[in-house]
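Visitor: Here is how the chains run, residue by residue.
Number of protein chains: 2
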Amino acid sequence: MSDFVHERHKPPRQLDRPRELVLVCAPMRSNVNLSRIARAAGCCGLTRLICCGPGRLDRKIARDAADTLEIESHRTLEPVLKKLRDDGFRLVGLEQTSHSHDLHQYKFERRTALVIGNERTGLTDDSLALLDDVVEIPVWGLPYSYNVATATAMALYEYCRQFPAG
Amino acid sequence: MSDFVHERHKPPRQLDRPRELVLVCAPMRSNVNLSRIARAAGCCGLTRLICCGPGRLDRKIARDAADTLEIESHRTLEPVLKKLRDDGFRLVGLEQTSHSHDLHQYKFERRTALVIGNERTGLTDDSLALLDDVVEIPVWGLPYSYNVATATAMALYEYCRQFPAG
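In order, the protein sequence lines correspond to chains A and B. According to my numbering, the stretch in the first sequence is residues 1 to 166, in order. According to my numbering, the stretch in the second sequence is residues 1 to 166, in order.
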């Protein structure tokens with residue numbers, strides 16, 4: 001007899017306070033990636049997802065997160081970043097750049113906007129110029145780059161690890 | 001001018017020694033999930049992926065990982081787990097169960113087989129009975145469960161965070 005008995009879809013953790021992490025997506029190529037990111041964000045207890053460009057959620061993939069997340073759509077990213085900066089969010093991009101911090105060592109501020117770039121082109125130079133920090137996830141093997149939704153999941157995990165109660 | 005200059009697909013980190021983490025997948029419903037898991041495993045520097053059941057990799061999704069990973073296919077999971085146990089691997093399932101460890105606190109052994117269950121049904125009771133530990137990822141919101149490839153990415157990230165050099 002196993003010690004381990006299934007408890008799938010057990011009740012979620014309660015946060016002591018609402019998450020102040022906002023997820024911001026540049027215009028994406030794939031609604032599948034955007035929808036996978038939304039599902040992960042919902043599971044992590046985020047309340048705001050900002051989507052730039054024409055991308056739309058696929059509810060079969062995003063599941064309930066499509067309803068529980070406050071989803072804001074904007075045409076372009078830069079004005080969104082400026083508004084978030086004015087609202088006191090630290091703007092943290094997820095990208096391989098010349099001055100990226102290793103996500104393993106990076107200490108998130110609680111009030112953070114995590115900025116996700118396009119699958120192919122990443123974040124534009126204009127967007128990068130607005131960021132306070134950029135984090136990247138170490139890669140040890142081929143294909144040398146994580147899928148954007150996979151990398152976002154890892155960054156969400158690291159933030160939640162640092163702020164398990166919100 | 002931005003401090004942050006794109007360095008996409010920069011050369012990967014070097015491991016001091018090969019990873020001893022083996023990823024083991026129960027029969028999956030979706031080759032897309034299996035292929036996304038393979039891509040993430042390749043990026044994390046894993047060398048072995050064991051796939052049970054009829055699942056096959058989609059190379060458009062798995063990318064180079066389909067070639068660089070040593071991929072072993074088996075009909076059923078239990079004999080694979082017994083062999084890995086005999087080979088000295090700690091068998092760690094990723095599942096919500098009655099005695100799961102919180103992934104945030106779990107200390108991986110270097111020589112670990114991370115066992116991933118089916119999207120819908122998870123790991124069978126017979127498989128759970130063979131495991132040394134089960135880990136689960138905290139969930140704070142709807143839809144109350146991570147996509148299997150998303151959860152696997154988070155677990156791979158946590159293992160690599162604990163063993164950045166292999």
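If you're looking for bench data, these hints aren't it; they were derived computationally from the structure. All of these numbers come straight from a predicted model, not from anything done at the bench. Any given hint might turn out to be false.
Any copy will do: because identical chains look the same in the list, a pair fits if it lies in one copy or spans two.
Listed below are the simulated EDC-like cross-link pairs for lysine to aspartate or glutamate, each with C-alpha atoms no more than 20 Å apart in a straight line [to be verified]: (1) Lys83 - Asp102; (2) Lys82 - Glu20; (3) Lys60 - Asp3; (4) Lys82 - Asp3; (5) Lys10 - Glu70; (6) Lys82 - Asp102.
Visitor: What are the numbers of the hints the structure violates, in ascending order?
Guide: Those not satisfied are hints 1, 3, 5, 6.
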